[in-house]
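Asker: Here are the chains, one letter per residue:
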Amino acid sequence: EAAVTQSPRNKVAVTGGKVTLSCNQTNNHNNMYWYRQDTGHGLRLIHYSYGAGSTEKGDIPDGYKASRPSQENFSLILELATPSQTSVYFCASGDAGQNNERLFFGHGTKLSVL
Amino acid sequence: QQKVQQSPESLSVPEGGMASLNCTSSDRNFQYFWWYRQHSGEGPKALMSIFSDGDKKEGRFTAHLNKASLHVSLHIRDSQPSDSALYFCAGGNMGYKLTFGTGTSLLVDP
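Respectively, the protein sequence lines represent chains W and U. Following our numbering, the numbering of the first sequence begins with 1 at its first residue and continues without gaps. Following our numbering, the numbering of the second sequence begins with 1 at its first residue and continues without gaps.
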């Protein structure tokens, strides 16, 4: 079973502060994703990456940056956190070799911006 | 407009009963669909995918796809309390990232 680890599990931040959410996967998957989950919206894609050094904008990228320094690690960065970014964030990895890509999710990071 | 719409929002079935979840897409670019399940406090976990018209059965779970109407359903036979979770439908295509619906919350009463 693919392993995706997120840190921290919980985070409280102040408005205007910088927040970095980290994700590590040990399955050598090329693709990695950041989603946020909010009631009534399901899972929405923020940023994704095809491999080390690449980042792409998803459906809701505004206010977020991403960094993929290595195959294993993918970070989500909130430079100036706002209360509207309070949410649960999920990282996922996927095997780019499959036409029907299956995603493996981490346990999530609950972020509260006060 | 949400590209993947799920119904109902919530569903309650007795233990041993049949749970039926529905999903409709407005995007004809989707070539396959996934069902994911999320237990409370965890990340979503893939259940099964379907890309051909008709039924696909895996144990107690049966997915059905009608490409003409872009309707997907998931049927859970002999529902167990451990099946209580949030279920997501997601549409995908080669070159497209998965688009998730808003989810159906299933409660199986013991």
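Worth flagging that the hints you see were computed from the coordinates, not collected in a lab. Don't be surprised by glycine CBs; every beta carbon is placed ideally from N, CA and C. Please note that a few of the clues may not be correct.
What the hints assert, rightly or not - Taking lysine-lysine pairs in the DSBU-like style, the calculated list, with each CA pair at most 35 Å apart, reads:
{"id": "1", "chain 1": "W", "residue 1": "K65", "chain 2": "U", "residue 2": "K45"}
{"id": "2", "chain 1": "W", "residue 1": "K57", "chain 2": "U", "residue 2": "K97"}
{"id": "3", "chain 1": "W", "residue 1": "K11", "chain 2": "U", "residue 2": "K3"}
{"id": "4", "chain 1": "U", "residue 1": "K97", "chain 2": "W", "residue 2": "K110"}
{"id": "5", "chain 1": "U", "residue 1": "K56", "chain 2": "W", "residue 2": "K11"}
{"id": "6", "chain 1": "W", "residue 1": "K18", "chain 2": "U", "residue 2": "K57"}
{"id": "7", "chain 1": "U", "residue 1": "K56", "chain 2": "W", "residue 2": "K18"}
{"id": "8", "chain 1": "W", "residue 1": "K11", "chain 2": "U", "residue 2": "K57"}
{"id": "9", "chain 1": "W", "residue 1": "K18", "chain 2": "U", "residue 2": "K67"}
{"id": "10", "chain 1": "U", "residue 1": "K57", "chain 2": "U", "residue 2": "K67"}
{"id": "11", "chain 1": "W", "residue 1": "K65", "chain 2": "U", "residue 2": "K57"}
{"id": "12", "chain 1": "U", "residue 1": "K3", "chain 2": "W", "residue 2": "K65"}
{"id": "13", "chain 1": "U", "residue 1": "K56", "chain 2": "W", "residue 2": "K65"}
{"id": "14", "chain 1": "U", "residue 1": "K3", "chain 2": "W", "residue 2": "K57"}
{"id": "15", "chain 1": "W", "residue 1": "K18", "chain 2": "U", "residue 2": "K45"}
As the list claims (entries may be wrong) - Label-pair restraints from in silico Cβ distances:
{"id": "16", "chain 1": "W", "residue 1": "V14", "chain 2": "U", "residue 2": "G54", "range": "51 to 59 Å"}
{"id": "17", "chain 1": "W", "residue 1": "L80", "chain 2": "U", "residue 2": "G54", "range": "47 to 55 Å"}
{"id": "18", "chain 1": "U", "residue 1": "K3", "chain 2": "W", "residue 2": "S7", "range": "29 to 37 Å"}
{"id": "19", "chain 1": "W", "residue 1": "T5", "chain 2": "U", "residue 2": "G54", "range": "20 to 28 Å"}
{"id": "20", "chain 1": "U", "residue 1": "G17", "chain 2": "W", "residue 2": "L114", "range": "29 to 37 Å"}
Asker: Taking the earlier hints as the rules, which of them does this structure contradict?
Answerer: 5, 6, 7, 8, 9, 11, 13, 19 and 20
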